[in-house]
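Asker: Residue numbers (the working numbering), protein chains in the order written: chain B, 1 to 265; chain H, 1001 to 1211.
A hint or two may mislead.
As the list claims (entries may be wrong) - If you want the ones that stay clear, here's a sample from chain H, every Cβ over 10 Å from chain B, calculated:
(1) P1013
(2) A1020
(3) E1023
(4) S1031
(5) G1032
(6) L1045
(7) P1063
(8) G1079
(9) L1107
(10) P1117
(11) T1123
(12) A1157
(13) R1185
Claimed, not checked - Examples of chain H residues lying across from chain B (beta carbon under 8 Å, computed):
(14) G1064
(15) P1065
(16) Y1073
(17) E1077
(18) W1080
(19) R1091
It should be emphasised that the hints constitute simulated quantities derived from the structure, not laboratory data.
C-beta: ideal position from N, C-alpha, C; glycine also.
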Amino acid sequence: MTEQPLNFVDLAAAASLLVINGVLSWAFRLGLERSIAIAAVRMVAQLGAVGFVLKIAFEQGSPALTTLLAAVMILMAGLEVATRQEGGAPYWATYGIGTATLFFVGIIATLYTLRAIIRAEPWFSARYVLPILGMILGNALTAVALVLNTLVQTVSRERTAIEARIALGATRFDAMSTALSGAVRTGLIPVLNSMAATGVVSLPGMMTGQILAGAEPTEAAKYQIIIMFVLSGASALAATLSAIFGVYLLTDTRHRLRLDRLRHS
Amino acid sequence: MLKVEKLKVGGLPPLSFEVARGECLAVEGPSGSGKTRLLRAIADLDEAPGYVSLDGAERRELPGPAWRKLVRYLSAEPGWWAAMAGDHFARGNEEANARLLRLMTSLGLEPALLDRPVSELSTGQRTRLALIRGLMDEPRVILLDEPTGALDREAAALVAELIRFQLLAERIVVLVSHNPAEIERLAHQRLLLGATGARDAMEAAGRELQR
Chain B
1 MTEQPLNFVD LAAAASLLVI NGVLSWAFRL GLERSIAIAA VRMVAQLGAV GFVLKIAFEQ
61 GSPALTTLLA AVMILMAGLE VATRQEGGAP YWATYGIGTA TLFFVGIIAT LYTLRAIIRA
121 EPWFSARYVL PILGMILGNA LTAVALVLNT LVQTVSRERT AIEARIALGA TRFDAMSTAL
181 SGAVRTGLIP VLNSMAATGV VSLPGMMTGQ ILAGAEPTEA AKYQIIIMFV LSGASALAAT
241 LSAIFGVYLL TDTRHRLRLD RLRHS
Chain H
1001 MLKVEKLKVG GLPPLSFEVA RGECLAVEGP SGSGKTRLLR AIADLDEAPG YVSLDGAERR
1061 ELPGPAWRKL VRYLSAEPGW WAAMAGDHFA RGNEEANARL LRLMTSLGLE PALLDRPVSE
1121 LSTGQRTRLA LIRGLMDEPR VILLDEPTGA LDREAAALVA ELIRFQLLAE RIVVLVSHNP
1181 AEIERLAHQR LLLGATGARD AMEAAGRELQ R
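Required output: the full structure, derived from the provided sequences and hints.
Answerer: Shown next, in the form of structure tokens:
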């Protein structure tokens, strides 16, 4: 089995499909031409750069370079958590919570996957570390962003009920227990949905990639099963951790509700 | 003894006063003069520089929840975290059940109210249930924010009777009220807050304390 190397003519043929978008936008006056062009150029530049950087990392095999790339990925994921907040959570606090959570979860889940499940040799090879870390971060960041958003919005809405419990002598975690579990539940919906629907509606990207690259479908399925378990575990850990951080953000050491820390929009 | 020293609440000048066991301090003043903020600061629900101590123990010496177990703030607009009224009370042990029934009877509430959703109760019923909820674990200081504001005359009299009973049981009461008759009947001392002349009122209250 050999994979088919793609040449620039193939890429150009694919890019011509974008013309459909352009024609539709023009015909129906959607005014999206500019956005389509920018998004397409960004996508090409980002994926091209990623492919190039990964090629260097794989060839060099230097742990320092791998670590640097992993750190950049974690920082970018934290940034994504912060920009997805709508409930008025302060930008830098959510950036810190997102980055800290994803750092911890990303490292633990990646190490566990590589050393205990897949047993890659050598486990620190960039070829294994970076794609797996990327998948974990992508899923966990969705969970973290949802958890923080939901928690902040629920607590703002349920302010009187939560303060009533605080006034009666409840600790911050007791007073927020309902909001806390609701936020974690919301944060886990995407990963649970994708676990239930996978293989029926669509083949997951990693499995598709493996099959296109010539792997046995049953082998690809086994890998995908492992990845789904890892992703759900990592998301659950990230959701719980970020919810706990969120409670600390919304209260102080005297267990007082501190909604004054939110940006008022 | 509840002792407040140089407590800074919002834009008010620093407040100092003492309330002994079994005594009631009435806090008066126009809307927006900081009455609610003062009660919240005493219960340590908002940040406020200065000192608040109960029987010699400053609030910061205790964890926040432990302080609020002793010093109970009862909001004029109580919050409810469960759908059913009864789920806001720690029931199950005989003593708590008996106490709950006794308090409900004393405020003219049917025990069957506990099995109804909070949303179906009237404002007056909710106000009284919230008061009972706050007294169930017998706090030492009770900070009442307009406890009778939403009640009819009959229910208000029952609440006033309950407050008097709490004072007899050596509890300390700080009462915010717009009802002069109620203040007249319950208060041992008064504190007047106002947008203007607040300092004078404070000094007057301070002199009254020293007498």
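Asker: What hint numbers does the structure not satisfy?
Answerer: 6, 7, 8 and 19
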